[in-house]
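Protein sequence lines, in the order shown, are assigned to chains A and B.
FYI, the numbering for the first sequence is 9 to 457, going by the working numbering.
FYI, the numbering for the second sequence is 108 to 332, going by the working numbering.
You may find that some hints are simply not true.
Think about it this way: if two alpha-carbon atoms lie no more than 30 Å apart in a straight line, the pair counts; the simulated DSS-like pairs of lysine-lysine are [as the list claims (entries may be wrong)]:
hint, chain 1, residue 1, chain 2, residue 2
1, A, K284, B, K208
2, A, K324, B, K208
3, B, K208, A, K331
4, A, K336, B, K208
5, B, K208, B, K176
6, A, K263, A, K252
7, A, K336, B, K250
8, A, K263, B, K208
9, B, K163, A, K252
10, A, K331, B, K176
11, A, K331, B, K163
12, B, K176, A, K336
13, A, K324, B, K176
Hints listed in this document are in silico derivations from the structure and should not be mistaken for laboratory results.
All of these numbers come straight from a predicted model, not from anything done at the bench.
The residues making up each chain are set out below.
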Amino acid sequence: MVSKLSLSNRLLIAVSLVLTAFLGLSAVSLNNAFESSAEHEQKKRLKNYVYTLLTAAELNHSGELVMSADLAEPKFSIPNSGLYAQITSGGDIVWQSPSAIGHFLALPFNPGPSNEEFHIVEMETGMTLLNLAFGIVWETDNGEEIAYTINVAEDMQGLQEQTAGFQRSLWYWLGGTGLMLLIAQWIILRWSLRPLHDVAIDLHAIETGEHRRLNDEYPKELQQLTYRINALLDHEESRRQRYKNSLADLAHSLKTPLSVFRGELENSESMQQLRKTSYEQLDRISTLVDYQLQRASTEGKSSLLAPVSLGEIIYKIIGSLDKVYQTKQIQTQCEIERDAYIHADEGDMYELLGNLLENAYKYCKQQVHIIVTTLNGTVRIRVEDDGSGIPARAEGFVIKRGHRIDTQAEGQGLGLAIVSDIIVAYEGNINLERSRLGGASFVIELPRQ
Amino acid sequence: MRVLLIEDEIHLREQITRQLSDQNLTVDAVADGEEGLFMGSEYAYDVAIIDLGLPKLSGIEVIQQLRQKGLDYPILILTARGRWQDKVEGLESGADDYLVKPFHFEELLARLNALARRASGWANSIICCGPICLNPATQQVTKNETAIDLTAYEYRLLHYLMLHAGEVISKTELTDHIYELDQDRDSNVIEVFVKRLRSKLDPEKALNPIETLRGRGYRLTLPRG
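Modelling step: build the complete structure from the supplied sequences, incorporating the hints.
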C-alpha cells in the first residue's frame, strides 16, 4: 500500500503554498505601487523645478535670456549636487545651472512648445538621471518669438535607495507575518486534529485490552464514527460471549448423554436395550449440537444492520412450507404491513420466522394466519393456527434468559427454543395466547432498530 | 420405484443405497454434482435425493439445471446446514422437501414415499386400487385385507404400476424403473413378472387387474381409491 500523507501534513503543505503565493503576490503589487508612486513624486518635483527656473528667467532688451543669480533651489548652485538644469535654444546651450558645470551636456530632446518629455539618461560617470525636457516659447518686446527647451535632471540614486529600503522592510514584514501565520496554522491544526489522534490512541488501548470501548467525549463531527465503532465493538463482544456460552453449554450438556451412554455400555444386559438407549442418546446429542450451533450463529441486535423486509422473508418461507406440506392443503392468510422493515440479521429473521411458521404448519388443521404490524418502533408478528393442544405446546415453552435446552422437558421441539433465543438476542418478547381460530397464537414483538 | 442419490460422503452414500435397496427401491448412486446432473437428465427417476454440499457442481445448481431442462420428478434435499435461509434457497431452486443430517432412515423413506405418491397424485400413505392395497412403508400388499406374498421384483413392478394406475406404461419404462443401471436387463422378463403378478393378484381371473395393450405396454385398470 502506498503510504499516504498525514492529514496535518496535507493541510500544512496546502496552507504553506497558499500563504507563499498570497504573500509573494502582495509583495510584488506593493512594490510596484511604491515604485510608481515614488517615480510620480520625482516627476512632480522636476516640474516644480521647471517652474522655479521659469520664474527666475527674464528676457533683456536685446532679447537674450538672463537668469537671476539667486535661484530658489540651492541644489542648483552646488556642484555635483545631483540636481542639474540647462536651457537650450535651437541646439545651443543658453544657460546651465552651476551644479551642472562640467557634467551636463546638451541633450537632443526637443519636445516642442508647451510639451514635456521625461527620459532616463545614463551618464558616462555611471550616474542615472531622470530628465524632464520642457518646451516654451518666449516673445520679445519687439514681438519676436524664441523657442527654448528647459532640461531639469535629477539623480535617480535617491529613488533607487528609497525603493530598496522599502523592499527590504516589505520582505521583513511579509516574511515575519508568513512565518507567524504558519506557526499559528500549525498550532490550530494540532489542536483541531487532536481528537483524531486521541481516537487512534483510544483504539490502540482497545487493541491492547486496556479499554473495552471508545471514550464518549468526542467532538460532534467524530461522534457518529465513534458511536458506530462502539456499536460494532458491543456487537462483537456480545457475539463472542454467545459463542463462548454456546461452546461451554454444548460441552456441558453433551456430558449427560455421554454418561448415560457409558453407563448403558457398562451395565446393559440386553442388546436391544443398548440399541434403544443408544438411539435416544444419539438423538439427544444431535439435537444439542443443532441447537447450540444455531445459538452460536445468531447474530443478534446491532444498530449496524441494514433493514430487512419481514414480508419478503415470510412469503419466501410460506412458499417453501407450502411445498413441504402440500398434501395438508393449508390455507394461509397474510396481513403484512407494507413497511414492515426491521434492522436485523437476515439469517436470524429467517430462523425466527421459519421455526415459528413451521410450528404453525405442523400443528394446524387447515388454517394459518400471519399478521405483521408496526407501531412506534416495534414490529409485532402474530402467527395463529387452528390446531389444538396448546397446553402440550406451551409446556416447555418458557422464555427465560440463559435457559438451556438440556434442562427443558424431553421431547420438546427445537424450533421454539431457537425462536426464544433469537427473541432474547434482539431484546424482544413473545407471548403464547389462544387463537380465535382455535389453536395457538404466538405474538412476537421486536424493536425495529 | 427408481431413486437417484447424489451424495459425496461415501459411507452415507453406501448406507442409504443399501437401506433403500433393502426396501425394494431401485437406486443409482453418484458422488458428485456433474455426474448427478448427467444421470438426472439422462434417465427417468421417480424421485431424487440430492446433498447440497457437492463437489464440482453444488446441489442447488444441479436442482436448478434439472428443473430448467423441464424434469419435474420430486427432489429431496439432504443438508448438514439446517439454517432456514439454506432450506428456503434449496426449495426455491426447485426441490420439494428437505431433510437435515443426521436423520433417521425411517424419516427419509417416509419422505421419499410421500414425494413419489404426491407426484403421481396420491394423497394417502397407503395406495389402494380396487381391493388391492400397497403400503410402501411396510412393503405389504393385501387383497381384501389378505396379505399377498410377492418377490422383490414383483413388488417393484406392482408399486410402479399402482403409482401410475390408469396410465399406459411401456415395457422400457418398467425396465428403467425397476432395474439398477448396472444390472442385466431383459424386457422379456417383464412379461414373465406381469404374468406371475396376475396369477398372484387374481388367481380366479375375475378382476383382470393388469391390461396388456399390444405394442404399447401395460395398464393397471383397477380404480384408484
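Verification of the hints:
1. A:K284 to B:K208: Measuring from Cα to Cα gives roughly 20 Å; hence the hint holds.
2. A:K324 to B:K208: holds, 23 Å
3. B:K208 to A:K331: Holds: K208 (chain B) and K331 (chain A) sit about 20 Å apart, inside 30 Å.
4. A:K336 to B:K208: holds, 24 Å
5. B:K208 to B:K176: holds, 28 Å
6. A:K263 to A:K252: At roughly 17 Å apart (the allowed maximum being 30 Å), K252 (chain A) and K263 (chain A) satisfy the hint.
7. A:K336 to B:K250: Given pair K336 (chain A), K250 (chain B) holds - Cα atoms ~28 Å apart, limit 30 Å.
8. A:K263 to B:K208: holds, 22 Å
9. B:K163 to A:K252: violated, 35 Å
10. A:K331 to B:K176: holds, 20 Å
11. A:K331 to B:K163: Satisfied, since the Cα-Cα distance of roughly 28 Å is no more than 30 Å.
12. B:K176 to A:K336: holds, 29 Å
13. A:K324 to B:K176: holds, 24 Å
Checked against the numbered hints listed earlier, the structure breaks hint 9 alone; every other hint is satisfied.
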